[in-house]
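The sequence shown begins at 68 in this note's numbering and counts up by one.
One or more of the hints may lead you astray.
Claimed, not checked - As a list, the in silico BS3-like pairs of lysine-lysine whose alpha-carbon atoms are at most 30 Å apart:
#1 Lys198 - Lys342
#2 Lys209 - Lys367
#3 Lys236 - Lys372
#4 Lys236 - Lys342
#5 Lys209 - Lys198
#6 Lys342 - Lys367
#7 Lys342 - Lys209
Hints in this document: simulated from the structure, not taken from any laboratory.
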Amino acid sequence: QRLCAVDAALLLPRPRMRHITARPRGCPPMLVFLLATAAAQEETPIGRYLAYQRRALDEIGGTCAFKRFLLKHDQNCAGVTDRPAPYAPLSTARRRLQQQRCIRPLFVTGCGGSGTHFVASFLAATRKLGKVAHEDPSPTSKVLVSWAARYGPALLDHQNMYGKWGVPKQQLRPPMVAWARHQGRAPCTYRVVAHVVRHPLKVLSSSVAFGQCVECWLHVDEFTVPPMAQAAPNRSLVDLTRATRLAILGNRATHRARPQGGRAWPQHSIDSILKGFGLYWLAWNAMIERVADFRFQIEKADYEKLCVAAGASIEQCRAGVAAARQAAATFEKGKHGGDTMRVTWARLDELDADLSARVWALARRYGYDREPPARPS
């Protein structure tokens with residue numbers, strides 16, 4: 068079938084372009100509309116960052132340094148020199164990677180709020196895999212389940228320099244700072260990296276409700292590649308990450324003043340966190356996709372597949388998973404309060420239609436329907 072003749076200029080976003088008024092001869096109106104929409108989307112601050120990230124990951128996503136950063140084992144990477152710089156042009160600095168001696172079977176990772184507590188509890192309950200750790204990167208564990216675990220030195224010259232983000236030291240919690248530093252220097256690589264995803268409305272509801280862990284957001288600021296708050300090619304992203312940080316700090320002060328519990332964030336805080344974590348969900352999933360061996364939905368996880376990936380036999384895994392299902396009602400889950408603060412597509416559309424469209428497009432690619440499915444069981 069003959070393709071219509073489309074002017075190449077239509078494919079290139081321009082800073083001042085808002086509408087396409089002329090239609091190339093032979094092109095259906097819907098195609099022109101789609102081209103115009105794509106161009107307009109890339110003009111948005113989030114669109115520019117994601118396009119920039121895509122180019123960066125195309126350049127460094129296959130390097131040994133990036134794999135080491137995301138804890139993916141590659142037997143061809145021992146002692147390789149291919150460390151890219153963390154900022155544009157992403158190819159100016161190289162350093163010899165350390166010989167990797169701590170190699171373990173399985174790393175399960177995703178975004179925060181994706182159900183990692185449940186996955187870790189379920190795998191541990193099979194009693195077939197040895198030690199299963201949640202957010203505790205350690206050579207003593209065969210299986211690690213963590214949204215945050217990375218090896219910062221593979222890509223970054225400085226990690227956990229919280230002062231540069233403008234957060235007063237007295238507003239940080241020393242145990243959480245220690246937690247973040249521990250996550251950022253994970254000692255092992257893993258033969259299999261499994262990418263856990265959850266319906267984005269559930270992730271965002273959980274993130275907004277939790278909404279007071281500034282150390283968690285600083286970890287996101289630090290370990291997003293390329294960094295949203297420094298390498299983004301537009302000032303708006305710096306402002307967005309700062310607004311998210313300030314909203315989380317404000318929520319922490321509110322929560323500290325109400326030790327009896329309860330979360331009632333002001334609307335401006337909710338809006339900032341929604342936008343910041345929406346971008347985080349897009350950016351971190353894009354990073355993980357580059358190294359993951361397979362992806363699964365938490366709502367219908369194949370735990371036998373995860374168990375086998377961790378090194379047990381299929382017979383052991385069938386028995387272990389059956390036993391774990393009997394105990395599933397008692398498993399620890401992240402207590403973030405997402406059921407009490409539900410994010411809707413209508414709210415996302417109202418807040419930022421471009422962000423909402425991008426989140427929905429990725430959710431659909433991950434196999435989700437518009438509304439969230441039932442809880443995992």
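Structure-based check of all given hints:
no.: 1; hint: Lys198 - Lys342; result: 37 Å, violated
no.: 2; hint: Lys209 - Lys367; result: 23 Å, holds
no.: 3; hint: Lys236 - Lys372; result: 44 Å, violated
no.: 4; hint: Lys236 - Lys342; result: 25 Å, holds
no.: 5; hint: Lys209 - Lys198; result: 6 Å, holds
no.: 6; hint: Lys342 - Lys367; result: 27 Å, holds
no.: 7; hint: Lys342 - Lys209; result: 36 Å, violated
Checked against the numbered hints given earlier, the structure breaks hints 1, 3 and 7 and satisfies all the rest.
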